[in-house]
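Peer 1: As they're listed, the protein sequences go chains A and B.
Using this note's numbering, the first residue of the first sequence is number 1, and each one after it goes up by one.
Using this note's numbering, the first residue of the second sequence is number 1, and each one after it goes up by one.
It is worth saying that the hints were derived from the structure and are not from the lab.
Predicted, not measured: the structure shown is a model, and the values here were computed from it.
Treat the hints with care, as some may be off.
Just so you know, same-sequence chains aren't split out, so a pair can sit in one copy or run between any two.
[Said to hold, decoys possible] Simulated pairs of lysine-lysine, BS3-like, Cα-Cα distance not exceeding 30 Å:
(1) K370 to K130
(2) K18 to K376
(3) K4 to K126
Number of protein chains: 2
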Amino acid sequence: MATKPISSIETPCVLLDKSRLQDNIHRIQKIADAQHVNVRPHIKTHKCLEILQLQDEVGAVGITTSKTDEALTFINNGVQSVTVAYPLVVDSKLDRLIATSSSRQVDLRLTLDSPYGLEMITRVAKRHGKKINIFLKIDVGLHRCGVAEDDPLVLELVKAIQEESCLNFAGLLSHAGHAYGAAISDQVRQIAQDEHQILNRVREKLEKNQIEVKEISVGSTPTILASDNYDGITEIRPGNYVFMDRTPLRLGLIQPQQIALSVLATVVSINPEYFIIDAGSKVLSSDQGAHGIAGMEGYGLAYPVDRFDDLSHEMTVLKLSEEHGFVARRNFDLPIGSMIRINPNHSCAVANLADFYTIVNDDQMIDRWKIIARGKVH
Amino acid sequence: MATKPISSIETPCVLLDKSRLQDNIHRIQKIADAQHVNVRPHIKTHKCLEILQLQDEVGAVGITTSKTDEALTFINNGVQSVTVAYPLVVDSKLDRLIATSSSRQVDLRLTLDSPYGLEMITRVAKRHGKKINIFLKIDVGLHRCGVAEDDPLVLELVKAIQEESCLNFAGLLSHAGHAYGAAISDQVRQIAQDEHQILNRVREKLEKNQIEVKEISVGSTPTILASDNYDGITEIRPGNYVFMDRTPLRLGLIQPQQIALSVLATVVSINPEYFIIDAGSKVLSSDQGAHGIAGMEGYGLAYPVDRFDDLSHEMTVLKLSEEHGFVARRNFDLPIGSMIRINPNHSCAVANLADFYTIVNDDQMIDRWKIIARGKVH
């Protein structure tokens with residue numbers, strides 16, 4: 001498509017800086033290559049085929065998803081290896097996922113943390129005659145899903161997986177999402193170390209029981225940016241790293257110039273305290289950080305579009321209505337009609353609200369990419 | 001479509017109880033009829049043609065929208081009278097809205113609060129030879145958009161509107177959104193009284209200047225539920241009332257059984273503190289109330305599906321990840337695979353994340369309605 005200047009784009013709009021995006025994708029792949037671990041990106045962040053293509057080009061080994069229909073959207077577009085890092089426990093979801101994976105010879109990798117999940121997956125896999133790789137989810141501190149390392153269920157579930165001819169025990173999987181709530185990068189590094197140690201202890205316990213643990217898969221962008229040691233880990237599943245946002249910035253893990261996703265908005269009204277812009281919670285989301293963790297003031301860092309990333313003109317989006325953002329004014333004026341560009345708190349949530357990305361190169365729009373798995377909540 | 005039991009629906013899913021929805025629509029229309037004011041519902045809440053049809057059947061006089069493309073979606077489906085209660089200041093948006101309204105003989109009613117907006121609307125209206133009704137937005141305490149009542153701009157803008165042959169001064173418009181932040185219903189009633197008094201004072205000032213104020217339009221579901229006096233008001237523009245949610249419940253303005261929109265989810269994992277469900281911030285939103293106002297703990301009130309609205313089994317959705325909800329456990333157990341039904345904090349935000357409503361009658365799914373203006377952010 002023909003390029004056009006940012007100033008001619010209708011707002012609100014989700015901008016994606018292509019060179020920053022590519023830099024982010026390269027950076028994590030280089031870390032992974034140096035540490036000899038695979039990258040299996042979580043596509044819940046971007047839900048976009050063009051971005052996966054960039055990840056594939058540098059060496060991604062497949063994708064991670066949360067939702068059945070996210071997985072199916074990508075499988076139907078040619079993806080051959082998928083980990084659903086979510087405990088699927090519903091027959092109809094497993095049924096269509098396993099049926100399609102079977103007919104397309106997809107390497108399907110499922111996750112479980114309960115006898116209920118094991119029984120459900122076994123039943124549906126048998127129905128389709130498909131052999132499925134299974135990861136046991138270990139709770140490493142988020143206290144969401146997963147089995148605690150000292151729970152007898154660890155050994156029971158793995159043995160039960162091994163006993164089923166339609167299942168293959170692939171290894172251990174975790175998500176240290178509590179890292180998003182850390183105050184400083186050293187805390188994130190500690191959380192990553194703890195995660196690796198927990199998983200290695202579980203692996204040793206299983207090996208003592210003559211059970212091979214082929215893979216150990218970890219996730220979370222902050223822990224990957226903060227870690228310098230991946231002993232025993234075989235795979236990382238970061239999602240947010242393609243875009244970044246205020247959370248890794250707050251944690252001191254990135255510079256503002258590494259944030260690839262931003263929101264373009266227009267000043268529609270002005271009062272003594274605020275520039276009122278046309279991006280509200282229906283564009284920026286009400287997230288104050290990943291996992292609902294509030295580590296930041298407001299809902300984004302805003303700049304006049306021609307002073308983007310310039311700290312001397314940085315403002316805070318202090319409040320949100322559904323269709324309005326309240327940008328706290330500083331010592332400069334902007335007329336109604338001016339454009340404002342915002343680094344969001346949580347880019348995954350912003351992407352989830354949009355239909356497409358507006359791809360930019362400096363201040364030129366160069367393309368539009370569809371968010372193809374938008375709305376795939378099942 | 002054939003009916004089927006709720007238990008067979010895939011989750012997460014936005015349920016809409018049809019009889020509660022109809023009751024809510026009737027209740028507000030009856031209040032309006034008794035007070036001799038028109039109802040012009042704000043469709044940003046539901047974005048759905050079938051719901052507007054129910055509102056039309058009992059007497060709605062047109063629609064209110066925030067976004068250009070919301071308005072166009074409804075105009076292209078036959079709506080003949082639209083108020084855009086938002087200061088549109090962008091040529092391209094006004095251009096396509098006025099062009100379509102002109103060709104379809106739509107009664108288009110725009111809102112402004114600045115000389116910039118006036119100039120922009122005038123320019124585009126002239127281009128299309130279309131006469132447009134204009135409301136002046138008055139700030140009644142939300143301090144978002146609108147002119148303060150004692151600002152000389154009130155008279156200047158109205159006179160300037162009157163001088164343009166392509167514009168017609170229709171009256172005054174306000175939104176007392178700060179009512180969502182009240183602690184009790186008496187505060188909401190006071191905010192509504194203040195709103196009416198401010199608008200009537202502005203009307204008197206204009207009338208002293210021989211300017212007729214044909215309409216005075218107010219909004220917000222809480223203020224309408226709390227008010228018993230509409231002196232001088234000609235129109236109400238509520239949105240949230242079709243669904244309701246935890247905010248009017250918290251304010252003591254409704255009973256739980258009046259909440260028409262709920263979220264159905266499945267327990268996918270269990271830990272000592274929480275039932276983990278498959279509805280996270282991408283379904284429930286991170287809103288803690290309208291306008292980002294946090295008056296409630298957590299992100300929704302949850303019940304086992306067969307104990308919906310039963311206070312003895314009420315739980316709080318205490319935390320959200322993107323795809324997971326953390327439901328705080330109480331003194332009863334639920335196995336993995338159980339369904340949970342949730343009254344959300346802010347139903348407008350939940351509807352905005354969904355593609356369709358699943359229409360239910362008691363515990364039977366009876367239909368699906370498309371959220372036709374979903375994603376219309378421009």
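Peer 1: Take the hints in turn and mark each one as holding or not.
Peer 2: Quick rundown of the hints versus the structure:
1. Within a single copy, K370 and K130 get their C-alpha atoms no closer than 32 Å, and across copies no closer than 36 Å, so neither meets the 30 Å cut-off.
2. Taking the shortest Cα distances, K18 and K376 sit within 30 Å of each other both inside one copy (25 Å) and across copies (25 Å).
3. Taking CA atoms no more than 30 Å apart as the test, K4 paired with K126 passes between copies only; the shortest distance there is 27 Å, against 54 Å inside one copy.
The earlier numbered hint that this structure contradicts is number 1, and it is the only one.
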